[in-house]
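Hey, can you work out the whole structure from these sequences and the hints?
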Amino acid sequence: MASDGSIAQALAGCQTSWYTLYRMVKFSQAGLDASFTALSDATRRGVLEQLGRSDASITDLAEKFQMTRAGMMKHVGILEQAGLVTTEKVGRVRTCKLGASRLEEETAWLERHRQLWESRFDELDQVVEELKRKEKINGRKK
Amino acid sequence: MDARSESHATPTKNPTTVERRSERELVVTRTVNGPPRIVFEAWAKPELFQRWWVPKSFGLSLVSCEMDVRTGGQYRLVFRCGDSEPMAFFGRYVEVIPSARIVWTNDEAGDSGPVTSVTFEEKAGKTLVIMHELYPSKEALDAAMASGEKSCVDETFDQLDTLLVSLPPRG
Numbered sequence: 001m002a003s004d005g006s007i008a009q010a011l012a013g014c015q016t017s018w019y020t021l022y023r024m025v026k027f028s029q030a031g032l033d034a035s036f037t038a039l040s041d042a043t044r045r046g047v048l049e050q051l052g053r054s055d056a057s058i059t060d061l062a063e064k065f066q067m068t069r070a071g072m073m074k075h076v077g078i079l080e081q082a083g084l085v086t087t088e089k090v091g092r093v094r095t096c097k098l099g100a101s102r103l104e105e106e107t108a109w110l111e112r113h114r115q116l117w118e119s120r121f122d123e124l125d126q127v128v129e130e131l132k133r134k135e136k137i138n139g140r141k142k
Numbered sequence: 143m144d145a146r147s148e149s150h151a152t153p154t155k156n157p158t159t160v161e162r163r164s165e166r167e168l169v170v171t172r173t174v175n176g177p178p179r180i181v182f183e184a185w186a187k188p189e190l191f192q193r194w195w196v197p198k199s200f201g202l203s204l205v206s207c208e209m210d211v212r213t214g215g216q217y218r219l220v221f222r223c224g225d226s227e228p229m230a231f232f233g234r235y236v237e238v239i240p241s242a243r244i245v246w247t248n249d250e251a252g253d254s255g256p257v258t259s260v261t262f263e264e265k266a267g268k269t270l271v272i273m274h275e276l277y278p279s280k281e282a283l284d285a286a287m288a289s290g291e292k293s294c295v296d297e298t299f300d301q302l303d304t305l306l307v308s309l310p311p312r313g
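So the protein sequences, as listed, match chains A and B.
The letter at position 22 of the first sequence is residue 22 when you use our numbering, and the numbering goes up by one with no holes.
Counting from 1 along the second sequence, just add 142 to a position and that's the residue number in our numbering.
Bear in mind the hints are in silico, worked out from the structure with no lab data behind them.
Any given hint could turn out to be false.
Straight-line alpha carbon distances no greater than 20 angstroms define the calculated PhoX-like cross-link-like pairs of lysine-lysine that follow [to be verified]:
#1 A:K132 - B:K155
#2 B:K280 - A:K97
#3 B:K187 - A:K134
#4 A:K132 - B:K187
#5 B:K268 - B:K198
#6 B:K280 - B:K155
Which residues of chain B face chain A? A few of them, derived with a C-beta cut under 10 angstroms, are [to be verified]:
#7 T159
#8 R172
#9 N175
#10 P177
#11 V181
#12 S199
#13 V205
#14 E264
#15 V271
Where is the CB? At the ideal position from N, CA and C, for every residue including glycine.
Structure (C-alpha cells):
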C-alpha cells in the first residue's frame with residue numbers, strides 16, 4: 001500500500017497544472033480524472049511510493065514489481081500522462097521520477113515571482129499616482 | 143475642488159499575474175492606473191525607477207542605479223542585502239519606444255540570461271503592463287527557477303535603514 005505521504009503529494013501535484021492559473025482551471029478536471037485513473041491501480045501506487053524513495057529505471061521497477069518491461073512501461077505511461085511521474089531517457093536507460101514535487105516547486109517559484117512583481121507594482125502605483133498629481137497641478141497652472 | 147476629491151480617492155490595487163507561457167518564457171501582467179506616458183516615465187527615469195523596482199519588503203537595497211534608457215543604451219544596478227557582497231545586474235537596451243515598449247538584455251548571467259521586454263498598452267486611460275522574459279533555453283529558465291529568487295527578508299530593517307541613511311544623497 002502506498003504511504004499517505006506519496007498519495008497526498010501526488011494529489012497535490014495533479015491539482016496543479018503545468019503553466020497558468022487559467023489553464024489550471026480549464027484543465028484541472030481532466031487532470032484530476034487522469035490522476036484518479038492512475039491512482040486506481042495498486043501497482044501504480046506502489047511505483048509512486050517506490051519513486052518517492054528514489055528515482056528508478058523501468059528495468060528496476062519491472063524487476064521490483066515482477067512484471068515485464070513492456071508491462072511496466074504501460075503503467076509508467078499512465079502515471080506520466082497524469083503528470084505524477086516524469087521520465088527521461090539517457091542512452092538506453094529510461095529513468096523515472098516523481099513529477100509532483102517538480103510541479104510543486106515550479107508553482108511555488110511562480111508564486112514567489114508573482115509576489116515580487118506585485119510588490120514592485122504596488123510601489124510603482126504610488127510613483128504613478130504622484131506623477132499624475134504633479135501633472136494635474138502643473139496643468140492647472142498653465 | 144477636484145483636487146480634494148482626488149486626494150480622497152485611494153488607488154485600487156489591480157491583480158498581478160505570472161505565467162510560464164512556454165518552456166522558456168515567463169509573462170507578468172498588471173494594469174496600472176495611469177496612462178502609458180506616465181508609466182514609461184516611472185520606468186525610464188532612474189530617480190523614479192529606483193523608488194519601486196526594489197520593494198521594501200524584499201529587504202534588498204539598491205546601492206547604485208545607472209540607466210540610459212535609449213535604444214543601445216546600457217544599465218547597471220547594484221544591490222546589497224545587509225552586509226553581504228553587493229550584486230550587480232547589467233545589460234543593454236535593445237529597443238526603446240517612448241510610452242510603448244522597452245526591451246533589455248540581462249547580461250550578468252552570461253549567455254543564460256533572458257531578454258526582457260515590457261510593453262505599455264493603453265486601456266481606457268490606464269496601462270496594461272506586459273513583462274515578457276524570454277530565456278535562451280528551457281534549461282536556462284529551469285535553472286533560474288531552481289536557483290530561487292534573491293531576497294533577504296530576514297535582514298532587520300534597522301540594519302537596512304542605517305545603510306540607506308549612509309548612502310550619499312542623490313539629486
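Next on the checklist: Taking the earlier hints as the rules, which of them does this structure contradict?
Outcome noted: 5, 6, 13 and 14
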